[in-house]
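Under numbering that gives the first Met the number 0, the residues of the sequence shown are numbered 0 to 499, in order.
Derived by calculation from the structure, the hints in this document are not laboratory data. It is possible that part of the hints are untrue.
[To be verified] Straight-line C-alpha distance at most 25 Å; calculated DSS-like pairs for lysine-lysine: (1) K184 to K172; (2) K236 to K214; (3) K184 to K279; (4) K496 to K194; (5) K496 to K279; (6) K114 to K86; (7) K487 to K291; (8) K291 to K433; (9) K499 to K447; (10) K309 to K475; (11) K232 to K429; (12) K291 to K356; (13) K399 to K429; (14) K160 to K496; (15) K406 to K393; (16) K128 to K447.
[Claimed, not checked] Label pairs and their in silico Cβ distance ranges: (17) Y95 to E401: 17 to 23 Å; (18) S185 to D277: 39 to 45 Å; (19) K499 to S220: 56 to 62 Å; (20) N407 to E294: 28 to 34 Å; (21) G285 to N307: 24 to 30 Å; (22) G452 to T495: 19 to 25 Å.
Cβ atoms here follow ideal geometry from the backbone N, Cα and C, with glycine treated the same way.
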Amino acid sequence: MKYRSPDDYTENYGTVLNNLFMPQMAKQLSGDLRMNNLKRIIASITTMAAFSSLCVSCDKSKKNDSTASPTTEAGTAETTEAADLHKMDITWLADYDLNPDEGEQTRAALNLYEKVYGGKINYVYTSHKERYENLDRMLAADEDVDMLPFDMHDFPNGTLKNRYQPLDPYFDKMEMDSDIWTDMKSAIDVFAYDKQHYVIPYSVSEPIFLTYSRKITEGESLGDPYTLYKEGKWDWKAFTEMMNEFVGNGNGTRYGIQGVFGETAIYSTGQTIVRHEDGKLVNNIGSPEIGKAAEMLRGLSDSRLYYNPKDFPSNFPSNHSTLFYAMSDWALGASNGENRDMDLMVVPFPKAEGSDKNYFSGTYNAVMLAAGSEKGEAVAAYIRCERLAATSQKMIDAEKKEALEVKNNVDGNSLSFITEEQYDAISEFKDLSKFTPIFDFGLGMGEKMWGYGEYSYETRGVINNITAAMLDETDKAESWQAFAESAKPLIDSEITKYNK
Numbered sequence: 000m001k002y003r004s005p006d007d008y009t010e011n012y013g014t015v016l017n018n019l020f021m022p023q024m025a026k027q028l029s030g031d032l033r034m035n036n037l038k039r040i041i042a043s044i045t046t047m048a049a050f051s052s053l054c055v056s057c058d059k060s061k062k063n064d065s066t067a068s069p070t071t072e073a074g075t076a077e078t079t080e081a082a083d084l085h086k087m088d089i090t091w092l093a094d095y096d097l098n099p100d101e102g103e104q105t106r107a108a109l110n111l112y113e114k115v116y117g118g119k120i121n122y123v124y125t126s127h128k129e130r131y132e133n134l135d136r137m138l139a140a141d142e143d144v145d146m147l148p149f150d151m152h153d154f155p156n157g158t159l160k161n162r163y164q165p166l167d168p169y170f171d172k173m174e175m176d177s178d179i180w181t182d183m184k185s186a187i188d189v190f191a192y193d194k195q196h197y198v199i200p201y202s203v204s205e206p207i208f209l210t211y212s213r214k215i216t217e218g219e220s221l222g223d224p225y226t227l228y229k230e231g232k233w234d235w236k237a238f239t240e241m242m243n244e245f246v247g248n249g250n251g252t253r254y255g256i257q258g259v260f261g262e263t264a265i266y267s268t269g270q271t272i273v274r275h276e277d278g279k280l281v282n283n284i285g286s287p288e289i290g291k292a293a294e295m296l297r298g299l300s301d302s303r304l305y306y307n308p309k310d311f312p313s314n315f316p317s318n319h320s321t322l323f324y325a326m327s328d329w330a331l332g333a334s335n336g337e338n339r340d341m342d343l344m345v346v347p348f349p350k351a352e353g354s355d356k357n358y359f360s361g362t363y364n365a366v367m368l369a370a371g372s373e374k375g376e377a378v379a380a381y382i383r384c385e386r387l388a389a390t391s392q393k394m395i396d397a398e399k400k401e402a403l404e405v406k407n408n409v410d411g412n413s414l415s416f417i418t419e420e421q422y423d424a425i426s427e428f429k430d431l432s433k434f435t436p437i438f439d440f441g442l443g444m445g446e447k448m449w450g451y452g453e454y455s456y457e458t459r460g461v462i463n464n465i466t467a468a469m470l471d472e473t474d475k476a477e478s479w480q481a482f483a484e485s486a487k488p489l490i491d492s493e494i495t496k497y498n499k
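Starting from the given sequences, assemble the full structure and let the hints guide the process.
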């Protein structure tokens, strides 16, 4: 796509955009957006002029004829213009507000949306627990709701319940053929469903990775996991061998790994429990690759390399009896604070043996267009602003600067911090040119497929129970084959609801 020169832009727009973004990003706001905004400004002026004229006219009429009234045409024009002024306003249903609290700075994407499109976000609160109950009620009552957060646990379930509408008609508004989307194309394709796109991820975050101490790995001559990763040698075999050596070296009780990684291990194969193929959902629990991952997990449990303490650790264990801690970046700052002298480093979950790919396991950031909403263009424009913010070098630099700030307690000791080396590594784990996107449609097919239920094996979803059966509650399944065979009928039954 060819963009207009910054010389084609008004001075006001140039100032706004360059304050928000680097100059090259300003070039990516095409002239049609600016023209649309100018039209709105003109429309606004026209509306005020019409209102003023109407008042004068009414005043004169009162003097000449007390029974005179505005014409139907004038009233209709005023209503139309007023509606046009708010056509980019979006009603946002969520348990958090996109608008800043008093004294806080407006998020870059929202700032851009307000300045360029003239729209605003009208926030409607819902608790996280009741979000879908409230959405369904609002849709049934024809109440205003346009946009809500993407939740992988309600897709494609939400399409089956007519909660969302596809964004394909608004691809031009999002400028999907422009360079800003190049890095996200693979993720967007992963979420294509029923030949349409309900989910347009504009960024990714919170990758699951392993935290470890280089003081430990170097002190015990185990080798450096991150170095092995950079050399393309970090796979299940290297991972398990390193844990076995660490545990074998200890005089006391030692473990190889704690934390959350069961689903990540399955997806490191590049396979999902339910896949989307030729417009249909397919039961893939019998995949040999998934079977190998499940057996690897069972092996970690049987050999006591895996440890799940009663008091689940919220950060890297400070007693240093465990080699790896699996979690995301939200736990890293406190892990560093608790282990200031341990030289903590991060590494992705290892790839499957024989594989040449690492797969992204984390959060896909997106918003959904609510069913029945007439604000498709507005939501599409907002998504585009989110993508522009995510690709702005100025915003990337600001985010990094904030992340690297050390947070100290009253004594001056660091409670939480992230090193630049850690930050740069995690940024690489979010690079979709190096980590292949993957999405298991089974995660979003309802509580029988994924859900905590009453926190028991009998009430949890199938995908949750894979981790339970292979790691924590091994008495529930004699083997992976036994588990897969018992789960297959339920998965088949759930899939039939979608393949109509």
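The hints, checked one at a time:
A C-alpha spacing of about 16 Å is found between K184 and K172, which places the hinted pair at or below 25 Å, so the restraint holds. Taking the CA atoms of K236 and K214, the gap is about 22 Å. The hint holds against a cut of 25 Å. With a C-alpha separation of about 21 Å, the suggested pairing of K184 with K279 holds against the 25 Å cut-off. A threshold of 25 Å between alpha carbons decides the hint, and for K496 with K194 the separation of about 17 Å falls inside it, so the pair holds.
Pair hint K496 plus K279 holds up; C-alpha atoms about 11 Å apart against a cutoff of 25 Å. Restraint check for K114 and K86: the C-alpha separation of about 15 Å stays at or below 25 Å, so the hint holds. Proximity of K487 to K291 is assessed by CA-CA distance (about 17 Å); at most 25 Å being required, the pair is judged to hold. With a C-alpha separation of about 23 Å, the suggested pairing of K291 with K433 holds against the 25 Å cut-off.
A threshold of 25 Å between alpha carbons decides the hint, and for K499 with K447 the separation of about 19 Å falls inside it, so the pair holds. Taken as a hint, the K309 and K475 pair is honoured in the structure, with Cα atoms around 19 Å apart against an allowance of 25 Å. Annotation: proposed proximity of K232 to K429 holds, straight-line Cα distance about 19 Å (limit 25 Å). A hinted pair counts as satisfied when its Cα atoms are at most 25 Å apart, and K291 with K356 qualifies at roughly 16 Å.
Proposed proximity of K399 and K429 is supported: the alpha carbons are some 14 Å apart, at most 25 Å. Using a Cα cut-off of 25 Å, the hinted pair K160 and K496 holds, with the two alpha carbons roughly 11 Å apart. At roughly 23 Å between alpha-carbon atoms, K406 and K393 fall within 25 Å of each other, so this suggested pair holds. The hinted pair formed by K128 and K447 meets the criterion: a straight-line CA distance of about 17 Å does not exceed 25 Å.
For the pair Y95 and E401, the beta carbons lie near 19 Å from each other, so the given range of 17 to 23 Å is met. Range check, S185 to D277: Cβ separation about 19 Å, and the 39 to 45 Å hint is violated. Between K499 and S220 the beta carbons are some 59 Å apart, a value that agrees with the proposed interval 56 to 62 Å. In this structure, N407 and E294 break the distance hint of 28 to 34 Å, their C-beta atoms being roughly 46 Å apart.
Take G285 and N307: their Cβ atoms lie about 27 Å apart, and the range 24 to 30 Å holds. Separated by about 22 Å at the C-beta atoms, G452 and T495 satisfy the suggested range of 19 to 25 Å.
The structure is inconsistent with the numbered hints 18, 20, although it conforms to all the rest.
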